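Once you have looked at the hints, place chain A on chain Z.
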Amino acid sequence: MAIIAEVDRKSPTRRKRTRHITRWQVLRYHGKIALREPTTFIGVLAAIVFTYLIVVPVISIALDSVKVQLGHERRLSANAGDITLAYIDRVFFSPISQDLFWAPLVNTLTVAFGAISISVLIGGLVAWLLTRTDMPGRRWFATALIVPYMLPAWTFALAWTTLFKNRTVGGGLGWLEALGWAPPDWIAYGRVPIIIILALHYTPFVILLFGSAMKRFDSQLEDCARILGASRFQIGLRIILPLMRPALLSAIVLIFAKCLGEFGVPYVLGLPVHFDVLSTSLFRSIASRQSGAAGVLASAIMIIGVLTLLMDTWLVREARRFVTVGSKGSMNRRSRLGKWRAIATGFAGLLFLVSVGAPILTLFLSTVMKIPALFTLDNFTFDFWIGRDLETVGFPNGVLLSPDLWRAAYNTLTIVGLAAATSGIMGLLVGYIVVRSPMRLLALFLRQVTFFPYLVPGIAFAAAYLSLFAVSRGPVPALYGTVAILVLALIADQMPYASRAGISAMTQLGKDPEEAAQVAGAGWLRRMLFIVVPIQKGSLVTGILLPFISGIKGLSLFVILAVPSTDVLTTFSLRLIDYHYTQAANAVVLIIAAIAYFGTIAAQRLTKTNLAEGLGN
Amino acid sequence: MPSIHINGANKSYGSKMANAVTDLDLEIGDGEFMCLLGPSGCGKTTTLRMIAGLENLSGGEIRVGDRLVDSIQEGVFVPPENREMGLVFQSYALWPHMTIERNTDFGLRLRKIPKAEREQRVNDIMKALDIAKYRDRYPSQLSGGQQQRVALARMLAVNPTVLLLDEPLSNLDARLRLEMRAELKRIHAEFKTTIVFVTHDQWEAMTLATTIAVMNGGTLQQIGSPNDIYNRPANRFVAEFVGTPPMNIIEGGSKSDDLFQQASSFVATRLRVQSEIGSIGIRPETIQLAQSIDQIPPDSFHNRVTVTGVLPTGGSWIVEAKTASATLFPTMQSAPNLRPGDGAYLWISPDAFHVFDRAGNRLTDADEVFRRPTN
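Those protein sequences? They're chains Z and A, same order as listed.
For what it's worth, the working numbering labels the leading residue of the first sequence as 3, then goes sequentially.
For what it's worth, the working numbering labels the leading residue of the second sequence as 1006, then goes sequentially.
Pulled out of the complex, with its shape left as it was, chain Z reads as follows:
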């Protein structure tokens, strides 16, 4: 019987038929498949480009630190390019190592940990008030208190100098001095104000991290402890705090990494009293053409950065152990503040005033007043914005009428715009390759290499670019002073965010829509043009807009790589600060802050996301 024969044939005991396939046949088959679509080709090309834009500069600056630099042949009695330990010795062990590395290191650490302690304390408290209590106005505060994070940190540094400046540096009077009290140096400059400003800047970051952790926190865990007889204090200490530990550690590590690369704030507030942190020390080395020492410093900063973020990945992995299983009971019951309500609201209001209201208002007022802190009507003027023939040496017109501003704005728009558009598109492409490529190794490499700049503080990365592109190498001409170096550095700097966004967008899209088109008969190009890009339009726009905003705020890349002819808004305002044109500088900074703020809002509208998502609900 036919059926029986067939049943027999399918029985598991049947002889396993194996036809031998040679390795060459497998290779030919997969090669054919890989080469059939341009994905592999584009992937390899992208891997080469990013290796050159990201890995090579880093290697170049690391090599700078152990090679005799041009002009030092005599002093080191060796040929340029020879291996030497002189720079490492100079930075770490010589008599001036104290000024070059050790003092800046100590300053960086104290500033970072000062800022971390304050922001964790304030941010943790605010996060709790927003998510777990019945404080009035939570929803408004949830958005308002995030604002400092959208603005460049050194906006606040400028506001600080406007208020607290003393005679240690020239230029117009500080407001407090104009009112009759000259603040001492330790309040006006250096460690204390830097700590305060960085703390205020990173508080929103803590609010966001803690807030989302607290929102997910299951009230039943507290209820159980209470039923078992724990007091409120014991619950806080034994239940909530340990469960918050991952968020806490994560906040500490990430803020530390950000402080490490922070340049604007210590530059504005540290310079007058020679308070150096690692980033400003690196800047000084570059400015004084000590490229060997700069190489050592940049490498040191990079190593600290990489170690910090490795620690974060390790902590995140550790934290998985703590993941509380969400249940239907993950409702979040709010504590009643009772008589503390007014105090809590006052505290939140005060924080908003100090971290947003006062700085922005100060900056704005400073640009419309002739004499600092003189509040009479005839002292107010819009000359610094739109005036002509002002009585200053180098800046005769109001900011808005100054061709320099418009040139800087144009440069910003073109340089940052070009870089943002490129990195947005590259990000989506990288996402596509990472998710789709049949070559796993290529996908892995692209994912890692585009993420690498995240580990390197911007200022060190800029130094690396300087090291690679300052002179012509092979077919690549010297790029220093050109727009190209800024665009390339910005692209590389933004790739972590762009490629992350691209990868997650492509992962979310899934394979199905594209495969449906493929089965319907569409080749690669048609699938890209008619299916992938139209569907990803939204994330592509965000992928361009977000790098654009962060590029406009960015300072550390530009301050090293820009020259006066490629001035962007940030470096332009820094130059104005250096010349003590306080009003003009503040006006430019306000313009940058406005662009950053409204850009962020626009991006949130566009993507229908909200940084403060549900925090106050």
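I should point out that these hints are in silico values taken from the structure, not numbers from a laboratory.
None of the values given here were measured: they were computed from a predicted structure.
It cannot be assumed that every hint is accurate.
As the list claims (entries may be wrong) - Simulated crosslink set (DSSO-like; lysine-lysine; CA at most 30 Å straight-line):
(1) Z:K513 / A:K1138
(2) Z:K539 / Z:K513
(3) Z:K539 / A:K1120
(4) A:K1138 / Z:K539
Positioned in the frame of chain Z, the structure of chain A alone reads:
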């Protein structure tokens, strides 16, 4: 309409993982409605995607008609876009940025069909599937059932040589699923397309397929008509996977099992089964209950049981019946006049036994005795 030949197909993801598909041989005839049936992870979707060209082979070859479309030995791989097939995804995968009409005529546009002909064809298809009134809407504005129809229309529009369906009904509610099944049967009759349909739902496979291929763990277990699969399961896996409630199995354990001893000696003598018996299966609806021994036909196997539970399911009743050594679950089409604690007799007619060897494969000796009709 071509037939599909899969010869010794293998698929593995990386060397450490188990094969997704192992040494698969499958012939899908022209105009057939073939269901690939199996639990999740059995390799049925992988098989479907290999036919479509969305997965590469790790060994073996696939032919569509006379055309070799995939072979490592020959170094041939025809990409999905050139295979002229249609595939309906479980998620439907409608393009969210296109209207229903654009979704439907996408393939026709790619093939540069003249406008008049294209519109004619799209209209016909939309009318046939009752989605013409939604032509200017976007997929997100349609319900699941409507989206399903669009996904079908999109693939049918290009007149595919083979229509592949990957669990297309699993996201629909029960009523819609029934309607769509009827629809699919109608489409199969009307368009005379070869259809390969992946499902884990045995009901769906039974009601739709002309041929069912049951898969498990990446290997083909049995291929045959729905009737074959149900009445002559090739092994324990097929026997237990197909049928609800599942087949009752009397295991031949090492301990002396009264029921197994009795049943196997009955089977051995009555059905002339000579090989060693590993286990015996009986479909629940073929187990009868009787209150006294004289109601039992003389020829049948019977045993005393105690009723320990009666579970009404609406249209039928499942009875929990215990013998001295085992528990069986017969189903009754009418309310059994029994309560928990009652004693009764179960009886099974000789042709209702499925006999398996130690390895779980069907012993076909018994089938010879009755020559059950096959189709």
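Practice problem: Mind listing which of the numbered hints don't hold for this structure, in increasing order? | Solution: none
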